[in-house]
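Visitor: Read in order, the letters of the sequence shown are residues -33 to -1, 1 to 240 in mature numbering (1 follows the signal peptide of the UniProt record, and there is no 0).
Derived by calculation from the structure, the hints in this document are not laboratory data. Each residue gets a CB set at the ideal place from its N, CA and C atoms; glycine is no exception. Incorrect hints may appear among the rest.
To be verified - Within a straight-line C-alpha distance of at most 25 Å, the following computed DSS-like cross-link-like pairs (lysine-lysine) qualify: (1) K94 / K45; (2) K83 / K146; (3) K146 / K89; (4) K67 / K14; (5) K83 / K45; (6) K146 / K94.
What the hints assert, rightly or not - Computed beta-carbon distance windows for the label pairs: (7) N21 / S184: 34 to 44 Å; (8) Y60 / D180: 31 to 41 Å; (9) E170 / D51: 41 to 51 Å.
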Amino acid sequence: MKPNAASLALVLLASVCVPLALLAPLTPAPAWAAKKPKQLVTDDRVKQVAYDPNQVYELVGTYGYQTSIEFADDETVKVVTVGDSIAWQTVPYQNRLFIKAVEPNAATNLTVITDKRTYYFKLMSAKSRASQTFLVRFIYPNTNTGLAGGVDGMGGAGRSNHGFDPAKLNLDYGTSGNKSAIRLTRAFDDGQFTYFLFDANAEIPTVYTVGPDGTESIVNTRREGAYLVVERTASLFTLRNGDAYLCVQNNANPYQRTVSGPVSDPTHPGGGN
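Take the sequences, apply the hints, and build the full model.
Guide: Here it is, written out as structure tokens:
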């Protein structure tokens, strides 16, 4: 017997990747909000963010814990100024800045000037350890630094020569499934292509897109340096290797929940028998 839509949805819920239409939609941040670094799929205490000279970055520190901010390998921190130097400690070292909140509920701003760039931060401290940040790593879409050897300079068909546009770099991805079997360490897109980075020596899975109804479609991939590239974006991917699978969700572009009304019988406009 051919399964109906409801039974199909239950099968997908139980076994594979759930389309994001089944999840609550995310609320977008206001356009003027400070940019928050995004957590990695391997450890949510490690976060990354694309550099934009016109952006303020929001960083929430945990009271009594230090956070390391990592800039490009070829940068050196020159000047650090913090609005509240009593509530916050800062220690620069080469291309890193270590910050520590020594008072709870401390809010201020921070400016960091390196020999190449200037960074602006909004700092806040909290006692809760629920969303701790141990490391914030900057990536640089228009240079050859950052993201484990660089995300640009990856030529290839369909690529422009000027690299990535920071405004279009989407790092907001989440995962669920067999994370130990499919060792994905990073996923992002530039508005056109999607990039996957795996642990060194990890087996590379097959990539599928998942439609709103749960249908999987295999997609072509190519290697660019350390990255596996899919020449499109999608709301949901499934990565498969044998019996193992990993759901990779594009949280910035989820499927939208839709509600359909009752279907009427055209031969009985009133819906009666």
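Visitor: None of the hints should be skipped; say for each whether it holds.
Guide: The hints, checked one at a time:
Taking the CA atoms of K94 and K45, the gap is near 30 Å; set against the 25 Å cutoff, the hint is violated. For the hint linking K83 to K146, the alpha-carbon distance of about 37 Å lies beyond 25 Å, and the restraint is violated. For a cut-off of 25 Å, the pair hint linking K146 to K89 is broken: about 33 Å separates their Cα positions. Proposed proximity of K67 and K14 is supported: the alpha carbons are some 17 Å apart, at most 25 Å.
About 10 Å separates the Cα atoms of K83 and K45, which keeps this hinted pair within 25 Å; it holds. Pair hint K146 plus K94 does not hold up; C-alpha atoms about 30 Å apart against a cutoff of 25 Å. Taken as a hint, the range 34 to 44 Å holds for the pair N21 and S184, whose Cβ atoms sit roughly 38 Å apart. Range check, Y60 to D180: Cβ separation about 52 Å, and the 31 to 41 Å hint is violated.
Between E170 and D51 the beta carbon distance is about 49 Å. The supplied range of 41 to 51 Å therefore holds.
In the structure shown, a violation is registered for the earlier hints numbered 1, 2, 3, 6, 8, in ascending order.
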